[in-house]
Amino acid sequence: MRRTYVRYGGGVAFPDVSPIPHEPSSSHERLRSVARSVRPTVLAGERVVPVADGWEGLLPGRGLQRGSVVVLDGPPGRGTTSLALQLIAAATASGEWSAFVDLDGTLGGVAAAGAGTSLDRMAVVRGVSADQWAAVAAALIDGVPVVAAEVPSRLRHSEARRLVARVRERDAVLLAVGRWPVEAATTLRAEGGPWSGLGRGEGLLAGRDLTVAVEHRGMARTVAIAG
Amino acid sequence: MSAERTCCAWCPDWPVVAWRRADPDLEGRPVAVLEPATGAPVVRAASIDARAHGVRAGLRRREAESRCPGLVTVEVDPLLEARTFEVVARAVESVTPRLILDRPGRCMFPTLGPARYFGGDEAVATQVVAAVTATGVADVRVGVADGAFAALLAARGPGPGSARVVPSGGSPDFLGPWPVGVLQLAGSSSPRTTGASGPGALADLLVRLGMPTLGAFAALSESAVAGRFGATGRQAHRLARGLDEHPPALTQPPPELSVDEELDPPARRLDVAAFAAKALADRFSALLAERGLACTRVVVEAETEHGESLARCWRHDGALDASALADRVRWQLEGWFADTHMPVDVTDRRAAQDAAAEAEVLEPVTAGITLLRLAPDCVVPATGRQLGFWGGDPAAADRAARALARVQGLVGPAAVTTPVLQGGRSHAERVRWVPWGEPREPSRPDRPADGGTDGDPAAGDAPTWPGRVPDPAPARVYDPPRPAELLDADGTPVTVTGRGECHVPPAWIRSDVLADSTGGGTSGIVAWAGPWPEDLRWWDRLTRRRRARWQILTDAGVAALVVVESGRAALEALYD
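In order, the protein sequence lines correspond to chains A and B. For the first sequence, position 75 matches number 75 in my numbering, and the numbering has no gaps at all. For the second sequence, position 197 matches number 424 in my numbering, and the numbering has no gaps at all.
Okay, chain A solo, but in the shape it has when bound:
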């Protein structure tokens, strides 16, 4: 009776089938197929944090990959903050925690609730100085699975690289809002879009069709989300 060794590494299990030379090849094949069927499968879907309905089209893998850094960039007023809120909102619905590092303390709580966040599982850290930012982000990544953080303007390369390594180690997700000094696999740039509902002297803002430019591993495309 052959023994199959199952080795666990990085949360994914795969069997280690070492060939014995004088076995006939048909039983080899049979054994391999048996090993594949009993392998504890960790679906690629479990490594992804879900995002709100309608926003999955933005991200490769239809969600936030655990262990990755996603950079959100864009001038103010184009929808960057709303994009960040939408991406972290769905995580709280499934019972996980999310955190937002808000450098100048201007995040709108009502907008966070409107994006569908469970407010009792969302922590907002306000008023962090630039020299403490890296330590705070590291501490948050250790315990909170989804962290969205406004990046201070003069973040050092070394600190950013350390954070990327930590994110990968803890299987967390970091949404860096602002200019990220090192290369990231995915960059989302909110480019605004037409607002509906407001007229000249009358009406009320109803919603916006947001255009987001997605760049993933060098390939760029544009996605429009109706709202």
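Don't take each hint at face value.
[Stated by the list, open to error] Which chain B residues face chain A? A few, computed with CB under 8 Å, are given here:
id	residue
1	Arg247
2	Ala623
3	Ala754
4	Ala800
[To be verified] From the derived model, a few chain B residues whose C-beta atoms are all more than 12 Å from chain A:
id	residue
5	Ala413
6	Gly534
7	Ala594
8	Gln649
[Stated by the list, open to error] In silico contact screen, one side only, chain A against chain B (beta carbon under 10 Å); selected entries:
id	residue
9	Gly63
10	Gln65
11	Thr106
12	Ala123
13	Glu202
14	Met219
Note that these hints are calculated values from the structure, not bench results. Here the structure is a predicted model, which means the values were calculated and not measured. We put the CB at the ideal spot given by N, CA and C, even for glycine.
Assemble the complex: chain A is given as a structure, and chain B must be docked to it using the hints.
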């Protein structure tokens, strides 16, 4: 088997006294201190003049206000009470070093040594009264009896400065005529926080069974009481008979159960010391839990670099768990740190009061804290706690809690917040940023979003807030609003008349928030709605505010909310 002779010093209505010392405006006016409870806040303590009108503990706030016109209600503040009580504790410490604190307002000590020194229990009682009244606390009452419970009741004398001594062995006779409701006072937590099986429910039951006094209850046999009422009843029966709460077969806790933590560098801020205290309390509880013990009295010691030290003994009715221990250490340090305090928003009225209260002279701490020690004084076997079956994912919540506590240690407790939606008109007012660890309660009531009252009659009269800007809500809210200029086509600032009308449409908006998007800071307006006038508190000349809001869309595609007040415009929110 008789309990040791104890003296209890009690300052009635301590929350009110503490608030009156902190805020001199409250002198001479009826005051009620409210504590949060399920539903609406209830009264926890009321001043004498308020009680004369019928305000009692446990009333809802509206009921109390209707009974006593002119009542001033304030929120309960355990830190303030603990800090103010430190003054009294030091005064009593001049009589005896072995002081045991129950909770702010009540402390006790064994009288064996002081009685021999001062020559009798009456002399000790008069010494305590004199020492405490010298600090400025006018109303203190002292009682001496066998056992903590009897001393507590003996301290409830008729008038301020009364000192009552129950002769040795006379506890059962003294306790006989008291009504069973006083069993609730035995605990050192707030009487209303005990659950349905607590002493309050037991007292009700005893009255209905025909035993309205402690004497009648004490006349029953112990086994009958244990069989009918369980452990709570047995404990209450021991108290009613004049015996002490716990059977005396307690072993002296071995010395290695005390834990200490050296803080290096020394902690100069209260929050750093409190953070270390949390870790220390966790270690302490884990150590005791390993041996199946729970601690009912603990001595908390803190020592500074220069050798000043403060040791206090804290007592608790049940077992002290880690968070209760950490709270008590924090209260003790707060009472001692006269010159440092947690960073709070300086515009907060409470912070201004704190700063004024700290002018009271406690011996100022001249150096940072280097040592914190928790030593158990009295341990009992631990009975454990049954966790719920459908637990959810506590591991994730624990990890997040630890991470947030660490971040609080880095940036201060007020910086790590969670949002709570509450009532209000502007987007800034509709959110309360509650620091992590504090109860998530709104400061203004709001009508529930689905319009239902879900069975709670008080929710039906929750206010609506007319004048709210409807959804979608802006993602960036500036509080205070950033200065901006709203100009019409000729370049003159847009003004709104007293009737809330504006005859010239806005054409340009200039603000440094918008500067990066257009590069100039001035953008043309392509669509707008408004002005939406708002006239707040028009009946109060001092707090009256009149302003008007505009919702604008610039040519760069940026939508913003602009508020105009007294001819000046400001950017209130950005729909980012």
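Do the numbers back the hint for Ala800(B), that is, is its least Cβ distance to chain A under 8 Å? holds, 7 Å
Quick one, is the Ala754(B) hint okay against chain A at 8 Å, beta carbons? holds, 4 Å
Chain B contact restraint on Gly63(A) - CB to CB distance below 10 Å: violated, 18 Å
Taking the minimum C-beta separation from Ala594(B) to chain A, is that value above 12 Å? Fine: 25 Å to the nearest Cβ keeps Ala594(B) off the interface.
Far enough from chain A: is every CB of that chain over 12 Å from the CB of Gln649(B)? Nearest chain A Cβ is 10 Å from Gln649(B), so the label is violated.
Given a cut of 8 Å on the nearest C-beta pair, is the interface hint for Arg247(B) held or broken against chain A? violated, 34 Å
Min Cβ distance, Ala623(B) to chain A: is it shorter than 8 Å? holds, 6 Å
Verify that the Cβ of Ala413(B) lies farther than 12 Å from every Cβ atom of chain A, and report whether the claim holds or is violated. Non-interface label stands for Ala413(B): nearest chain A Cβ at 35 Å, farther than 12 Å.
Please verify that hint: Ala123(A), Cβ, nearest Cβ of chain B, below 10 Å or not. Hint holds; Ala123(A) Cβ to chain B Cβ min 6 Å, cut 10 Å.
For Gly534(B), is the shortest beta carbon distance to chain A beyond 12 Å? holds, 33 Å
At a threshold of 10 Å, is the proposed contact between Gln65(A) and chain B supported by beta-carbon distances? violated, 19 Å
Once the shortest beta carbon distance from Glu202(A) to chain B is found, is it less than 10 Å? With Cβ-Cβ at 6 Å, under 10 Å, it holds.
Figure legend: structure checked against the earlier numbered hints; hints not met, in rising order: 1, 8, 9, 10, 14.
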